[in-house]
Every structure is written in structure tokens, then in C-alpha cells.
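Here's the letter readout for the chains.
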Amino acid sequence: MTLDFEITPFGDWVGIALLSFGITVLIGALLAAFLSYVFCAIRHGPIEAFYIVGQTGAAAIPDFIATSPRRVIAIARLAAKEAMRRRVWVSLVVFFIVLLYAQWFLDQGSEHPGKLHIAFVMTATSYLVLGLSLFLSTFSLPDDIKNRTIYTVVTKPVRPNEIVMGRILGFAGIGSLLILVMCLASLAFVVRGLHHTHTLSSDLNIILQDIETDGFWQGQTTFDHHHRHSIRLERKTIDGESVIEGQTDLAMGHVHTVQVTGDGEDARVIISGPEDQLLARVPMFGELSFFARDGKPSKEGINVGEEWGYRGYIEGGSLGRFEFDFPDVKAKDFPDGLPFELNISVFRTHKGTITRGILGTISLVNIDPNSEYVQSSPIHFNATEFVVDKKFIPRKIGARNRKTGEIDEIDLFDELVSDGKLRVVIQCSERGQYFGAAQRDVYLRAADQPFWSNFIKGFMGIWLQMLIVTTLGVTFSTLLSGPVAMMVSSGVIVLGLCRGFIDQVFGGVLDKNNVLSFLRGIVMREHELEGVAHGGGPLESIIRIPSQQNVMIDLDAMPWLTNIVQFVDIGLMAVMYAVANGLPNLGRLNNSVFVAQGFNVDNSLLAQQCLTTAACCSVLIVISYFCLKTREIAA
Amino acid sequence: MNQNSPIIRKVVYLSAIAVLMLPLYWLGQPASYSEDRTPEGGGQLALLRMENQLSQAELGEIDPTSESMKLATLGLRGPAANFLWNKAMKYQRRKNWDALSATVQQIIRLQPNFLGVWEFQSHNLTYNVSVDFDDYRHRYTWVKKGIDFLCIGNRYNHDEPRLLHYTGWFIGQKIGIADEHVEFRELFRNDQDYHDVLRKAMRDFEHDMDSQDASGRHNRKPDNWLVGRLWYLQAVRAVDSLGKSIRKKSPLVFHADPAKSRMNYADAIEDEGHFGEVAQNAWARAGKEWEVYADHPIPTSWGMTIKLNLADENRRRINEIQEHLESLVPGVKDRIIKRRKEDLSERELAIWNTPEDKQSEFSAEDWYTRHLVGQKLSVSHTQLASQAPESKRDDVEQIVRRLNRKLQLSRRVRSYRQIVNFDYWRTRCIVEQTMEAAKAREHGYKGMKHFNEAELELAREQFEESWKMWLQVIARFPQLKSGDTRDELLKQMQSYKMTLTHLGEEQPSFVDPLEWLDSTGPIDTKNPPSDMILNAGESTDEPASSGADDDDPPPVEPKK
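These protein sequence lines map, in sequence, to chains R and W.
Take 140 as the starting number for the first sequence in the working numbering and just add one per residue.
Take 644 as the starting number for the second sequence in the working numbering and just add one per residue.
Treat the hints with care, since some could be wrong.
Claimed, not checked - Calculated pairs, BS3-like style, for lysine-lysine (alpha carbon to alpha carbon, straight line, at most 25 angstroms):
| # | chain 1 | residue 1 | chain 2 | residue 2 |
| --- | --- | --- | --- | --- |
| 1 | W | Lys892 | W | Lys950 |
| 2 | W | Lys713 | R | Lys490 |
| 3 | R | Lys438 | R | Lys560 |
| 4 | W | Lys892 | W | Lys976 |
| 5 | W | Lys1140 | R | Lys530 |
| 6 | W | Lys1082 | W | Lys1092 |
| 7 | W | Lys1082 | W | Lys1140 |
| 8 | R | Lys560 | R | Lys471 |
| 9 | W | Lys730 | W | Lys713 |
| 10 | R | Lys529 | W | Lys713 |
| 11 | W | Lys1134 | R | Lys490 |
| 12 | R | Lys490 | W | Lys1140 |
| 13 | W | Lys984 | W | Lys1001 |
| 14 | W | Lys738 | R | Lys438 |
| 15 | R | Lys490 | W | Lys1092 |
Note that these hints are calculated values from the structure, not bench results.
Isolated chain R, as found in the complex:
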């Protein structure tokens, strides 16, 4: 249950993003103009080249301004028809076959089947749609040129940008339709696939008898869908009516509500479907600070030797603590109290008591040191790892009055929240044991969105990926033949998806070079890498793999060969690094992690993704315009 990356608010992000986009476009445009000029100068001489480049560039402006939506739509319709002729529906058939047999491939005994189901359908959709978009977009234009059917279009008064935009629109429309169908089918698959119910393992008469005599019944449900639940039923009075009700324990990430209705022979048990499984929680995160054992602020928590440095730890039985500062806690959002959800990690240096969790405390602290009540009485809890630990703190809680020294019952919003700001302090109570947490491990569950809307937002990510892939494919197809465009586009997409790995390898090859090793630090900082990859670049790997050399030792080859190999590797990796980082990170458009883990896809994130995609597609359209305009189609 971890979201290990930050989401910057859209307002903070957009300014920096536009600035960096503007600079990149300007540099790219100047570079492209210069290269075009050099190319033309070789063919036509320096003066002529100047005019050609100038005229081509200047012509682009009226072409784009005068773009006719009618013509674009007409070409889009043609592209869509072409796509249909290419039997794109086959991908839908494949998708349905995959869904039919999906249960074979899913881990039936998983503790969180919801996560697996969601991740599976989104990955399957993503692979199918992206593959199909790539195929359609890269082969269409080259085939038209090859078959000379393009003449039927270019002989009409149609601008190159209209041809490009029309094709992108047509293919994207078909892709969108496919995604829509797949999204609905996936939603049905997930909801139906996870739906189940149980029956109680005891006879209802015995249950009723137990409740009459003891006031409650404790037992189990039947074993269905690879699990069973424990349940305690008791008689409650709801709205003046006496009902027998209970909720099961958490198993496989969900609970069921059980009710007994009717009396005597008419009594029957109603067990709900799985609850708390398909969620879209809207979390409110705080700002985390670590404090060391002596109570002094620390930049990061203690490292307990975990390879993954995501969480920092604090020592138990000391002044070490986590402080989460929540910026905007309002009574109107939480009228009854604060619904916290925790995912505290535990590290034991001794066994302690195995049968219970490590004890800890939660305190609510007023950030105003002059307030009458500085902090609430500590709320004790047992840490539970790898499950969402829900802690509801009611509005009325105990806190010590600074002046009287008495513990009074206070309203936390009146006495502990200052200007919407609230500090939550978490400490580990047991000496020799440690608590671990990261920024996103403690949050307030501000609200819940409908799951279906979150699911659609998840598919929005795939849709945006499809738009970029389609545009990329069309762009390459204006310049290259179909198969080559397909290969190049695939290569670029793979580079984009493996961006993290390429950054690590680039950092690794830089590290080996005495002159350029300083760049390694810059690359690592820029991409927040945990470490570099060992073993060198592509050429070095070609030597290491057949000779079975460990990646951690220096390359065992002649010194001159090693130098050449490592030098060439730097060049190759620099190109890959530039390409991978020149494109939007397709991985960051993947929202499945939010949907699968039950968090609402943040609208701010979605807006950033949309704007990034729009910017990327715009640049690619401009590039493809110039490519098509300068191409001698008749040849």
C-alpha cells in the first residue's frame, strides 16, 4: 500500500512545466533550423538555403492558422474507415478471450485479489491498444505513398498539417472507441470477478439461541473464494428497532456485513457482497519530519538496513518521533472526527512479545506553542504492517490544560487546529524496537469517490498513452517506410518505458570515466536514482555476457579495448538517454497503481498528464508537418 512518488499541485507545476517546455521547444526549433540550413546549403548553396528555410518556416504559420476542421474531420473519417478495413476489431476479440481465461493466470490465493484484477485488465488493455495504435499509425501513410493513393489527397487543396492531424484524429478515435469498450468490459470483469458471498458455518437456530443466551454469537463463514471470515453477531438497536448484525473480519482485503432479519422460522441471514475492496479514497497527506532519539530534528529517519530506502525509522522508547503537518484540516470536512489511515512499518531488534504488535502512540499537537492546549492525550495503538490501519479520532478528546494541569475534554478543531494546521506526532513506545514511515504512509481519508469514476480515470492514462503513441507513429511514418517507422517508434517507446533503467546505466557508464564521472551525480540527482547500474553499456555487456564476467568486477579485457568499449558506450548511452528523456515518461501516464491500491486519481495529476500529452502531441504534429511538407511524395 505505497505510493512512492509525489504529486505536485497543478498550480505549482504548470509554471515551471511551461517554462521548461518553452525553452526546450526554442532550442529544438533553432537546432532544427540550423540543421535544415546546413542540409540545404549543401544542396543549394548558402544564400538559396537561407531563403528555402525561411520560406518553409514562414509558410507553416498560415498553414496552421488556416487549418480547416472540416478537412481534418474528413481525413479522420477516411483514416477511421481504413482502420476498420484493417480489422481492428480483432484486438477486441483477443481482449475478450484474454478476459475469459484471465482467472487461469491470476494468483487465486492473493491477499488482495482486487489489486491483481485491476492491474491485470489495465495492463492487458494497455498492451493491446498501444500495439494496435502503433501498427495503424506507422503503416497507413507509407502504404498510401507506396500505393500512390496519397495522390488522391495531396492533389486536393489539403495542407500537410491537415493530413497529419486528420490521420491522428482518425486513428485516435478508433483507439478511443476500443478503450471505451475495453474499459466497460474490464469494469464488469473486475466487479463481477470479485463479487462473492458466504454463508454462516453454523445453523441459524443455534446462532439465534446463542444470541438469546449469551447476547452474541461468534463463529465463521463458509470457505468460499479461497478464504473464510470470522464474525461476531450481536443484537443492536438501530433507529429504535432491534436487529442482529455484525461485520466480518478483514480477509483478502474486504469485509462483509451480516444481518439476521425476521424472527422464528422466518429468520434468515443476509450476507452482503465484499465491502471496502474496490475503493477510491481521497487522501489528505501531511508533511513528514523525522526526529532523532534525542528529540532533535533529523533530515531522514534511521536506516535499519533495508535495501529500499523509502521509509525512515525512529527508535522506540526515546524522543524519536514522526511529525506529520497537515495544512488544511477543517471541521466542515470532518464533522465527526479525524479518520486517519496508517501504514506504519515495524523493525524489531529483539523478539519482544510475538503475539502482539509493537505499541505506539498518536498525539495531536497544536502548532501554536502559546495555545491553552498543546497536545492531546496520547492514543495508544498496536502497529500492524502491510494492512491499512484505520484510526478514527473523535472530535472530543482529552488534552492537558497548560495552565491548570488538568486533563479536559476538548473539541480538537477548537483547541488543537490553528488556521487549519494540525500536527500529528507518532512515537514507538517499546525500547529496542523501531517504527518506519514515509511521507505517504499516514493520511486523512478526506472522502471516497465512486470506484467506477476512478476506474475511468485510470483508463484515461491509457488513452493519453495511446494518443502519444499514435502521434509518434504518424510522425515517423511521414519520414520513413512502414516497417522502419514501426521499428523506430517501438524503439522510442521502449526507451521511454525503460527510462529509469537507461538513466541508471548512463549513470554507471559515466561513473567509469575519470573525466565525466562528475556528471553521474547530476544524473542521479536529476532523476532521484537510488543507485547506478553496474556492468557497463551495450558494448561492454556484449563482452561480459558470453565471457560470464560478474558485473561487479572490472572488465577483464585488454586496456586499450576496455577504453574504446567504454568510450563508445558513453556515446551510445548518451543518445539513448537523450531520446528516452526527450519524450514524456509513458510510465508516469500509468494510473493503474492508484486505482489498484484504492486511491483516487488526483485531478491535479490528471490535468498535468493531459497538458503534457497535449504539448508532446503538438510538437510531434509540427515536426510531422515539416517532414511531410519537405518530402518529395511523387518520388
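Take the given structure of chain R and dock chain W to it, following the hints.
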């Protein structure tokens, strides 16, 4: 060009195809089966597959999921498995357990007959992932996931002794010895849903989950040690009856595990407070199975097959041969020793002749000298043979060669017995069936219970009763002063001493157990050393043991 050339070319091609079909048919003809589904013929490749048991049907269950995944990788199953393996490691590092579990399931579907994958990943889930959880119930869930994983592995790889043995090991050792073994054993005992899973996995076993052998006699519920033992037995069956290989696993340890499981079960129920007939019967069964193990042929690293029980028989034969040898060369050995003694210096002779009770005054140098003198005076059988008269020399040399072979075998059997601590466990099985040992354990258990509940007076009483009984037991079986029993007693002793400290008593009122355990030799319970017995307790009519050879314990029958 001739107009007929295309036709001729086509005819040539078709003929070539027809000719090539013959070797293809000879090679690739599918296997044919008799009415009882036993393979009886087919193409050369099919025959080779049958001969080496390589076909999927012979290796294990054919799973459509696995087959479709293998097909979908278009022959790139190696790279795909490698990629997934890396992903699994990444998920583990990032504690994404659901994804790890799902990825591992995908890997095994790609490589269902690669045993290393099953062994590594099951160990990973059971031992590495489980301990990442703080809640012992979650840990238990992941231990089960690892065992489930092996159960699936056994389905894909029928009668594979290593996998069967691993499954038994995880069910027995991981559940029975982990830090949380008390909780794990309790969870396992009552986990009926998991019993169903194991029941399905063990349905083809000779003794399945519903047999008496799987359940404890005291509660009639499945016990992890006994269920683990059934898996070991299945592994042994695969080796003994089907001739399957255990590869690099030591056969000595492999065949010992079923009996050791019975001992662990007996030990575990005593730890849980079940004494008397139930525990004694459990030890009796364990002892019986240990003797079965001792008679089981064990392949050795020098190419011979031995039985651990050979040691007793072998020693008798060696004694007989030695007597026979000495009868062939009467008085020769004494003459050689006498001659060598004459060559010793006065100091050496004095040291050699020092009586045993005076040897305690020896310095380190004196001990070394005595050791060297011992070497000088020892007469090898070859030296003895060289002194035999010409007429008997051939016979004597033959006997000496035979004797040396027997001695070498004896040494090797002894070393094998030491590896599995054979004699200790044999003795332990006998001892634990005696009333004294049962009482000693019961009192010790009650003492610990009172100690944990801070009832110190009661704890002391129980501990001291326990020590009295142990004194009698160890007097009869001094071998127990080493090994697991010693460790257990030391643990109990620590609590006893703490009890005394809390009661304000500096000295134990009955016996200082540490001194007692550290003392050498047996203790005469009728006349215990005065420095050891502070307040004489009960004694039994049992005679004290005269001491035993560590290699060959005295054959002591359990009390009826």
C-alpha cells in the same frame, strides 16, 4: 530454357519431400500406448523421451495455463523467466508482496520442471518473505504460501524426491522450530482449511492426511511434524521404489528425517505439557523408526553402501578376528611390547607406569610424553603379521588385510553415525520411555510454568523434583550429558537459579546442576559425591551404569 523445367523441378522437390518424410517419421512418430496406457513404442525421439522420462506427461501434470504461457512466449521462455525473476526481486525489495506472489506464480508456469525455481522461491516465500511481517498470523500465511508453492511443484513434477523432502522439511522444521513455533503449531493444528489443501496434495500418498500417522495421539489433530514425516516417507519411497535420484542431497540425512520427525513430535508434545503414556509411546515409535533407519542401506561417498547398524556386528567380527590373529601368533605382541619398553628412558617408563589415580598430577609435558610412549608401544596388525612364522605368514597376512578392511569400515560407519548423532538419539529414544525421564520432564515443565507465573516456591519444589529424577536418568545414561538434553537442562537450570536468587537462597538446596552436568563420568546415586549433593534426595534401586563406550552404547531395554 526447356518448358518442362518447372515441372521437373516440382517433381524433384516433391520427391525430396517424400524422401525426407521417411527419416522424419522414423524420428518423430508419436509414442504409442498399450491398453493399460503404458508406453510401448513410437518414433526415436518418443522412445528417447520415454527412456529418460522427459515427456511432460511423465514429469507431472499438464497444465493448460502453463502450456499456453509457454506458447505465448514464442520460444523466449528463458528471457521471459529472467525478466519476471528480476521483477520478483524488485517487488520483494519494495515489499510489494501481492505482486511478488503473482510474479512467482507466472515464473513457475513458464518453467514448471526446473526444480531450482521451486526450491528457491518456496524457500524465499517461507523463510525470507514471512519474516518481513510483524504479525505472526501473517507470517504463518506466508509460510503456508511457500508450502503451497511446493505442493504445486509436486503436482508438476511427480515423485521428485527433493521437492517431496523439501515440503516435509518446511511443514516440519519451519512450523515446528521457528521463533513462533508455539503459535505456528497451534495455528496449523486447527487450520482445517489448510488441512483440506494438504489432503488434496497428499491424496496419492500411502499414508494421507486422514491416516492416524498424521495426527497426534493426544488431540487427534494433524501435527506438523507428523504430516512432514509423511512427505519424507513419500520422498524415501520415490528413491527406494522408483529409483529416483536425490542429486546432491546427503542420503544419510535424507533417510534420517522420517525418524527424526517422530522424535521432534515427541519432543514437541512434551514441551507443550503432554507427558506419560502419550509421550512415551511417541518416543517408542520414534525409537522403532530409528532402528529401521539404522537398517536402511545408505550409499556413501566412497562408493559403498553401508547400514548404520553394521557397527555392532562389525565390532563383534573385529574382536573375533583379532582373537584369531593373536591365537596364530601367540605371545608375539607381548614380546614386541616388552622389547620396546626396554628401549624407553627411565622418565618415560615412570610416566607410563603411573597409576591412573596419580595421573591427575601430570604436567602438560608429562601428558605429551605419555602420548608419545603410547604410540611407541602400540603394535599394528601388520607388524604382528611380520613376526609370524613363515608357515603361517600367508594366512596371517590375509587375516590382517581382512581385519584392516573391517577396521576401515568400522571407522567410516562410526563417522557416519556421528554425523547424525546416531547414538545420542538411539539412547534418547530409550531414555524418554523410562518413568524417571518422563517424571523429570513433567516436573521440569511444571517448574517452568510456576516460574513464569511467579510462583517461586512451587517452582523450586518442581525443579528440585526434576533434578532428582534427572540425576537418576543421567546416572544410567551419561551420554545425555551432551547434545540437546544438556541444552534443555541448562535452560531449565537458568530458571532454577533465578528462582533461588529471587527466594534469597545462594546455594541450591539439593544439587548444583551445573557442576553435576559438567562432572565427568556417571554419578553413583547411592553414594553421590558429597560436594555435589547438598541435601540427599530420593534414590532408585537401579544400578549405576559402569560407563559406556561413546561409539557403542550399552543396549538398554526400556522399562516395562
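Taking the numbered hints from earlier one at a time, note which ones the structure violates and give those numbers from smallest to largest. Numbers 2, 4, 5, 10, in rising order.
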